[in-house]
Amino acid sequence: MFEYCADPASLAGFKWLSCYLTTGKHMGLYWAVGTVLLLLTITAPAALLFGFGGAAAARSHFRPLRWFGKGYIAIVRGVPDIAFFLFFVIALDQGFEWIRHQIKCSDWDQPIRQGNDFIVCAAAKLPLSSSPQVFHEIYGFFLAVLTFALVFGAFAANVLYGAMRAVPHAQIETAEAYGMSHRQAFWRIMVPQMWVYALPGLSNLWMVLIKATPLLFLLGVEDIVYWARELGGTKTPQFTDYPHGDWRVWYFLALLVFYLAFTQVSEVVLAKISRRLSHGQATLAGEKQRKGPRGRGKAAA
Amino acid sequence: MSCWDTIADYALRSQGIGERLLPRTDFTLCQQFTLIGSGMIWNIYFGFLALVSGFVLATGVAVAKAHHQVWLRKPAEWFIFIFRGSPLFIQFFFAYFLFQSLKSGYPFFGAFTSAWLGALLVLFLNTAAYSAEIFYGALMSVPKGDVEAADAYGMSGWPRFRRVIWPTMLRLAWPAYTNEAIFLFHATTLVFFSGFPASQQRGDALYYASYFADKTFNPFIPYPILAFYFILLTLSIIGLFGMVNRKLNHHLPKDRRAKIRLRVNLIR
Numbered sequence: 454m455f456e457y458c459a460d461p462a463s464l465a466g467f468k469w470l471s472c473y474l475t476t477g478k479h480m481g482l483y484w485a486v487g488t489v490l491l492l493l494t495i496t497a498p499a500a501l502l503f504g505f506g507g508a509a510a511a512r513s514h515f516r517p518l519r520w521f522g523k524g525y526i527a528i529v530r531g532v533p534d535i536a537f538f539l540f541f542v543i544a545l546d547q548g549f550e551w552i553r554h555q556i557k558c559s560d561w562d563q564p565i566r567q568g569n570d571f572i573v574c575a576a577a578k579l580p581l582s583s584s585p586q587v588f589h590e591i592y593g594f595f596l597a598v599l600t601f602a603l604v605f606g607a608f609a610a611n612v613l614y615g616a617m618r619a620v621p622h623a624q625i626e627t628a629e630a631y632g633m634s635h636r637q638a639f640w641r642i643m644v645p646q647m648w649v650y651a652l653p654g655l656s657n658l659w660m661v662l663i664k665a666t667p668l669l670f671l672l673g674v675e676d677i678v679y680w681a682r683e684l685g686g687t688k689t690p691q692f693t694d695y696p697h698g699d700w701r702v703w704y705f706l707a708l709l710v711f712y713l714a715f716t717q718v719s720e721v722v723l724a725k726i727s728r729r730l731s732h733g734q735a736t737l738a739g740e741k742q743r744k745g746p747r748g749r750g751k752a753a754a
Numbered sequence: 006m007s008c009w010d011t012i013a014d015y016a017l018r019s020q021g022i023g024e025r026l027l028p029r030t031d032f033t034l035c036q037q038f039t040l041i042g043s044g045m046i047w048n049i050y051f052g053f054l055a056l057v058s059g060f061v062l063a064t065g066v067a068v069a070k071a072h073h074q075v076w077l078r079k080p081a082e083w084f085i086f087i088f089r090g091s092p093l094f095i096q097f098f099f100a101y102f103l104f105q106s107l108k109s110g111y112p113f114f115g116a117f118t119s120a121w122l123g124a125l126l127v128l129f130l131n132t133a134a135y136s137a138e139i140f141y142g143a144l145m146s147v148p149k150g151d152v153e154a155a156d157a158y159g160m161s162g163w164p165r166f167r168r169v170i171w172p173t174m175l176r177l178a179w180p181a182y183t184n185e186a187i188f189l190f191h192a193t194t195l196v197f198f199s200g201f202p203a204s205q206q207r208g209d210a211l212y213y214a215s216y217f218a219d220k221t222f223n224p225f226i227p228y229p230i231l232a233f234y235f236i237l238l239t240l241s242i243i244g245l246f247g248m249v250n251r252k253l254n255h256h257l258p259k260d261r262r263a264k265i266r267l268r269v270n271l272i273r
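As you go down the protein sequences, you meet chains A and B in turn. Taking this note's numbering, the leading residue of the first sequence gets 454, the next gets one more, and so forth. Taking this note's numbering, the leading residue of the second sequence gets 6, the next gets one more, and so forth.
Keep in mind that the hints were calculated from the coordinates and are not lab data. One should not assume that every hint holds.
[To be verified] Computed cross-link-like contacts, DSS-like style, restricted to lysine-lysine with a CA-CA straight-line distance of at most 25 Å:
#1 A/LYS578 <-> A/LYS557
#2 A/LYS741 <-> B/LYS149
#3 A/LYS578 <-> B/LYS220
Predicted model only: the values in this text are computed from it and were never measured.
All chains, full assembly: derive it from the sequences and hints.
This is how it looks when you write it as structure tokens:
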């Protein structure tokens with residue numbers, strides 16, 4: 454990275470460290486941090502969308518849809534979530550390949566499950582065995598995102614379902630008295646008001662989501678846990694210019710600090726958002742803001 | 006081979022008793038049920054011991070956090086912050102490698118690198134931090150009148166805590182603590198995926214479930230079996246904690262009793 458890094462053996466102290474931390478493999482680690490952030494930025498809105506759909510379905514008047522929504526919410530309770538992660542990654546992969554198999558190779562006459570194998574025709578493989586490595590990685594990441602969104606969507610659905618029920622019923626009745634249809638009352642009255650009730654649950658969910666990102670490692674994505682294990686392991690002079698002993702404990706300490714900082718920053722930001730959303734709402738927090746600094750002083754005490 | 010033979014061979018496989026080789030081909034449903042159930046022994050072991058020991062520490066930490074003296078309060082706050090602010094998965098990894106590097110200097114730490122002690126220690130500290138936060142919240146909402154009544158009866162210090170504050174705190178915290186217990190049991194499935202080795206393939210339920218899923222490439226059988234076991238476990242926890250909850254609430258009129266409701270607070 455730097456010019457003075459040409460001969461690592463001659464370096465010492467801080468200079469050595471600056472060279473060590475900028476090797477190509479460490480760049481992989483920093484990329485992995487980017488992967489985690491990317492996962493969060495894609496998963497959070499996707500999960501919110503799934504959650505909204507699930508919550509709306511659970512409130513539906515159409516019975517099968519309501520059962521589907523309630524089932525989706527209920528399924529995440531009682532079962533460990535990593536079981537879902539491990540399950541969905543394989544199940545989704547096989548599901549996609551099966552659908553492509555049905556479309557592309559309709560003349561295939563052998564069964565797909567042969568003993569312990571799952572066999573689809575070559576054209577249905579995802580990604581195609583001929584495609585470059587990048588596509589395999591992107592596909593793996595895509596499956597991980599979809600899995601996260603599915604699991605966290607169910608949690609979000611649970612939160613949003615509760616929030617929708619928390620909106621005072623009189624609000625909806627008033628809307629209907631003004632001649633709004635069900636749909637209008639839902640979109641114009643309930644949805645804008647539910648967020649303040651949903652926020653504590655969603656904040657909690659965001660924290661949980663941050664803390665779930667290391668599970669990417671289990672899904673076969675080269676994430677920060679992978680790199681921390683890789684980089685921290687004992688290195689001999691034969692293979693690297695920067696030999697060192699087993700440093701994995703330091704790498705995981707760094708990850709621990711990274712996550713602590715991340716959750717702490719999130720907490721501060723979420724508290725700000727919560728204050729903003731409570732503004733002008735008919736809740737205790739909103740009332741406190743309306744009453745001015747005295748009320749706020751009380752809140753801080 | 007009948008199902009009873011399979012049970013005899015594999016029911017205690019996770020403890021290293023019985024048939025040494027895991028099934029390799031022609032997996033039967035019976036084998037999957039037996040082995041995954043055998044793995045549940047570890048989940049119950051970790052969950053139960055961490056819960057019981059964590060309960061004691063959590064009470065102490067909650068009281069320390071509510072204490073007016075800074076030197077008691079600050080360490081408690083930091084303890085809770087560190088264990089609640091970081092992923093359990095990373096805590097496992099960190100602890101494992103920490104014990105491993107300590108082992109080379111002090112042989113005493115050798116036992117901590119195996120799951121039965123090392124992972125138990127992490128789970129114990131983790132659940133203590135989460136429960137301490139719950140207990141602290143409950144401690145803060147103990148009705149002022151209860152404490153004043155205790156004062157009026159001339160109680161103070163330890164007797165007041167033991168006979169008035171602590172039972173009320175437990176009563177208020179119990180529904181949230183039930184959820185904590187459930188999710189602690191769920192978190193035990195992380196142990197064998199986080200550095201701690203499953204020596205001689207003695208793993209927990211998820212370890213065997215993923216073993217079968219890897220071997221058969223069919224996730225639709227082992228994971229639902231795992232789910233079945235965990236739903237059973239969850240229901241029994243709810244039943245047990247519900248009994249305690251009734252005991253804690255039995256002096257109250259019916260309409261003021263707290264109900265246990267399952268709330269979402271997953272993954273650490």
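Of the numbered hints stated previously, which ones are contradicted by the structure, given in increasing order? No hint contradicted; all consistent.
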